[in-house]
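Starting from the given sequences, assemble the full structure and let the hints guide the process.
Protein chains: 2
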Amino acid sequence: MIMREVAVVGVGLSKFGERWDAGLKELMAEAGVAAIEDAHISSNDVEMLFGGTMASGRFMGQEHIAALMSDQLGFKNVPAVRIENACASGGSALRLGYISVASGIHDIVVVGGVEKMTDVTSAEAGTALGGAGDQEWELFQGITFPGLYAMMAKRHMYEYGTTEEQLASVAVKNHDNAYKNRYAQFHKKISVQDVLDSKMVSDPLKLLDCSPISDGAAALVLAPLEVAKKYNDTPIRILASEQASDTLRLAERDSLSGIKATSIAAQKAYKHARITARDIDIAEVHDCFTIAEVMAMEDLGFYQKGKAAKAIADGETALNGKISVNTSGGLKGCGHPVGATGVKQAVEVVWQLRGDAADRQVKGADMGLTHNVGGSGATAVVHVFARAD
Amino acid sequence: MIMREVAVVGVGLSKFGERWDAGLKELMAEAGVAAIEDAHISSNDVEMLFGGTMASGRFMGQEHIAALMSDQLGFKNVPAVRIENACASGGSALRLGYISVASGIHDIVVVGGVEKMTDVTSAEAGTALGGAGDQEWELFQGITFPGLYAMMAKRHMYEYGTTEEQLASVAVKNHDNAYKNRYAQFHKKISVQDVLDSKMVSDPLKLLDCSPISDGAAALVLAPLEVAKKYNDTPIRILASEQASDTLRLAERDSLSGIKATSIAAQKAYKHARITARDIDIAEVHDCFTIAEVMAMEDLGFYQKGKAAKAIADGETALNGKISVNTSGGLKGCGHPVGATGVKQAVEVVWQLRGDAADRQVKGADMGLTHNVGGSGATAVVHVFARAD
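Chains A and B supply the protein sequences, listed in that same order.
Using numbering that gives the first Met the number 0, read the first sequence as starting at 0 and increasing by one per residue.
Using numbering that gives the first Met the number 0, read the second sequence as starting at 0 and increasing by one per residue.
Everything labelled a hint here was simulated from the structure, so no lab data went into it.
This structure is a prediction, so every number in the text was calculated from the model and none was measured.
Among the clues, some could well be false.
[Claimed, not checked] Pairs of lysine to aspartate or glutamate, EDC-like flavour, derived with a Cα cap of 20 angstroms: (1) A:Lys270 - B:Glu46; (2) A:Lys270 - B:Asp106; (3) B:Lys304 - B:Glu315; (4) B:Lys228 - B:Asp355.
[Claimed, not checked] One side of the interface only, derived from the structure: several residues of chain B facing chain A at Cβ under 8 angstroms: (5) Ala54; (6) Gly56; (7) Gly60; (8) Leu67; (9) Glu83; (10) Leu95; (11) Glu123; (12) Ala124; (13) Gln242; (14) Asp245; (15) Leu247; (16) Ala250; (17) Thr378.
C-beta: ideal position from N, C-alpha, C; glycine also.
Next up, the structure:
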């Protein structure tokens with residue numbers, strides 16, 4: 000089957016953080032208008048909207064978010080669909096936007112992601128996020144998300160000798176990158192010792208091993224590659240868009256020290272794009288907890304199993320390292336408004352490939368990858384991007 | 000752009016109602032397994048899953064529902080995505096399933112819809128459903144969904160002289176049809192007087208003008224038309240799949256006596272299918288309230304504006320009438336588990352077109368339509384189906 004090639008022709012981001020100044024609608028408008036202007040289109044040109052959000056119902060009492068987003072951005076009665084796949088809502092929305100352009104059914108498609116998480120208490124937010132796991136078998140029994148990832152961390156440490164210091168180095172690197180990103184929630188460098196000294200959340204994960212509760216939105220404009228230059232001088236091509244799932248319950252997985260859905264989605268993406276992991280220059284990976292970035296680096300094929308933690312601690316994945324990972328600051332440093340994250344990852348990669356990443360620009364960034372995980376790994380979405388010229 | 004034709008090759012439904020015997024997982028399994036068996040496939044054959052649910056987060060504490068559905072049905076690490084568009088979640092999921100098969104990216108796709116609504120109080124359910132409208136401008140101000148539709152009913156009565164008796168006749172017809180459907184929530188015939196005598200909910204809508212709170216699930220298996228006979232002797236072709244949106248807030252609409260998103264989606268669907276409304280033999284339309292069915296009959300082009308209510312009261316849309324509408328019993332009689340409804344509508348149309356609708360079979364049903372609305376009309380999805388032979 001011949002499908003059309005798809006390109007990103009516009010990107011937009013809201014400031015991430017505790018956005019007491021903005022509600023759901025304002026955040027969507029901030030990112031959406033920026034993306035539309037970046038693509039040099041008017042809102043009348045948009046033919047379909049995909050909106051990713053995880054739990055706007057529980058955070059804000061608001062479902063039906065894509066129709067709201069379409070209305071708010073002045074789109075003309077276009078089909079609008081909300082996508083929810085826990086923390087992978089944004090990545091899944093991007094994949095469906097890609098399919099709808101590739102299919103030939105729609106030309107100009109907007110993919111948005113948003114979450115407004117700070118209008119509820121931390122406890123309420125934690126409960127809402129718990130809905131990403133198996134409510135009956137995990138959350139109702141008392142475990143929270145840090146607990147699920149802590150079990151994975153313990154297993155990874157047991158199998159491969161991964162240390163708490165190595166995990167901490169993920170957070171240190173991502174705060175370093177976030178320091179250079181004006182959209183990031185945190186602009187504060189931290190040390191390994193700061194992480195180790197921070198409050199224990201779920202052994203071995205401490206507060207600074209965990210991504211924060213955040214407000215934020217992100218948006219992309221997609222178009223067929225063949226006409227992409229009409230909209231933007233530097234269109235970024237989507238080389239692959241793949242997704243996989245696994246059991247919702249951690250207890251039923253083949254392994255606790257890796258995320259199988261990531262491996263499957265990555266292998267399919269490399270095959271579709273006819274590349275290997277070695278071709279990737281920059282990657283935004285899903286570091287909801289520091290252990291998650293370690294597993295991602297292995298499951299994506301950047302490092303052999305058990306080898307990533309030391310490499311990260313040695314600086315191989317820092318800005319302009321062997322591979323530059325989470326140049327935006329990642330979920331840890333840039334913030335993690337869950338529905339927006341998967342879309343924000345693509346925005347960062349587009350900026351890097353265009354050469355528009357300012358102080359955090361990676362030299363010679365030609366090919367980039369995004370990796371977005373839902374829950375404890377029941378969903379994983381992998382996209383590969385490259386400059387179109 | 001040449002796309003592939005798409006067919007429905009399997010359908011499944013759970014019993015609708017107050018299902019104290021079943022949770023979310025059991026309902027999904029009931030419908031999903033039936034659809035898979037109906038398509039004569041194994042769960043290993045499925046390549047992608049779309050799961051529609053509106054508010055499982057608020058009803059059950061469970062998000063990430065598509066991954067759960069995929070896990071529960073034994074699918075093999077396939078991409079699974081939850082679609083939420085309020086009460087049009089199921090219809091929107093079907094449209095994305097259609098696009099993903101039409102695009103050539105996936106062959107065998109399952110579309111499921113589910114909602115488990117009776118584990119919370121009616122007040123909690125009403126608040127959760129309120130998330131389908133504009134939380135800040137409508138719900139927070141105190142109006143509920145019956146209130147929004149009551150305003151539309153009042154306006155329709157003012158503009159066209161529609162009467163409460165005519166509205167009541169919608170509920171009477173749909174209970175008549177549900178009486179013949181073993182999957183329906185209600186098996187109780189009612190009279191116009193019963194409706195008029197029932198408790199006032201929001202003037203002029205009384206209890207029996209309103210669809211109920213329900214548990215239930217529905218599922219479809221889609222395949223490329225060219226290979227559909229491999230799976231089912233009577234594949235049903237999807238002739239058109241269209242969707243439109245409108246402002247989330249009722250106050251900003253052009254008209255209160257019709258749903259513009261329905262008209263737009265219907266006109267696009269007729270154009271795509273190269274038919275007119277007159278070619279449709281059977282239709283499942285979105286009767287969340289009796290006034291909604293009256294507006295649907297007009298907005299879909301079956302009747303001129305202001306003419307549908309009398310025609311319904313005169314029996315023109317009864318089983319084997321001029322056009323047979325809501326043969327399943329509709330949302331009113333069959334029940335309205337919100338995320339399942341749009342998928343259930345397609346299941347009923349497939350049964351009718353196959354000639355498998357038992358006591359409620361419409362004679363000579365060759366072409367059918369489904370019409371699924373989100374909220375007070377910010378989303379509308381229209382599908383047209385026909386026998387493939």
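Checklist entry - Looking back at the numbered hints, which does the structure fail to meet, lowest number first? => result The structure breaks hints 11, 12, 16; every other hint is satisfied.
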